[in-house]
Amino acid sequence: SELTPHTAVLLMRLLTEAGLPDGVANLVLGAGGVVGAPLTEDPRVDLVSFTGGLVTGRRIMASAAPT
1008 SELTPHTAVL
1018 LMRLLTEAGL
1028 PDGVANLVLG
1038 AGGVVGAPLT
1048 EDPRVDLVSF
1058 TGGLVTGRRI
1068 MASAAPT
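The sequence shown finishes on residue 1074 if you use this note's numbering, and the numbering steps up by one all the way, no holes.
Keep in mind the hints are simulated off the structure, nothing from the lab. Only a predicted model underlies this, so the values are computations on that prediction, with no experimental measurement involved. No residue lacks a Cβ here, since even glycine has one placed at the ideal position from N, Cα and C. Don't take every hint at face value.
Ranges of calculated distance between the beta carbons of each label pair, as one might list FRET restraints [what the hints assert, rightly or not]:
| no. | residue 1 | residue 2 | range |
| --- | --- | --- | --- |
| 1 | L1017 | V1052 | 29 to 35 Å |
| 2 | S1070 | E1024 | 18 to 24 Å |
| 3 | L1021 | V1062 | 16 to 22 Å |
| 4 | L1027 | G1060 | 16 to 22 Å |
| 5 | G1040 | A1015 | 26 to 32 Å |
| 6 | E1024 | E1048 | 31 to 37 Å |
| 7 | S1070 | A1025 | 19 to 25 Å |
| 8 | L1027 | V1055 | 28 to 34 Å |
| 9 | H1013 | L1061 | 20 to 26 Å |
| 10 | P1073 | L1017 | 20 to 26 Å |
| 11 | T1023 | F1057 | 28 to 34 Å |
| 12 | G1026 | G1060 | 15 to 21 Å |
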């Protein structure tokens, strides 16, 4: 959630400390209206993880389905 980014930031820090290679996991923070569509519509993005409401989750799923 863009309202609680610290958990995701901590997870990324732990993954880095554990030796996960750069680029395997990436964190993009921002409001859904700004970052959501570019991420879900880009065929280079293999996975999107989302925490939030059902309506928004369905929008993300529908947007990402063609890619």
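Evaluated hints:
no.	hint	result
1	L1017 x V1052: 29 to 35 Å	violated, 22 Å
2	S1070 x E1024: 18 to 24 Å	violated, 33 Å
3	L1021 x V1062: 16 to 22 Å	violated, 31 Å
4	L1027 x G1060: 16 to 22 Å	violated, 29 Å
5	G1040 x A1015: 26 to 32 Å	violated, 18 Å
6	E1024 x E1048: 31 to 37 Å	holds, 32 Å
7	S1070 x A1025: 19 to 25 Å	violated, 31 Å
8	L1027 x V1055: 28 to 34 Å	violated, 18 Å
9	H1013 x L1061: 20 to 26 Å	holds, 24 Å
10	P1073 x L1017: 20 to 26 Å	violated, 33 Å
11	T1023 x F1057: 28 to 34 Å	violated, 22 Å
12	G1026 x G1060: 15 to 21 Å	violated, 35 Å
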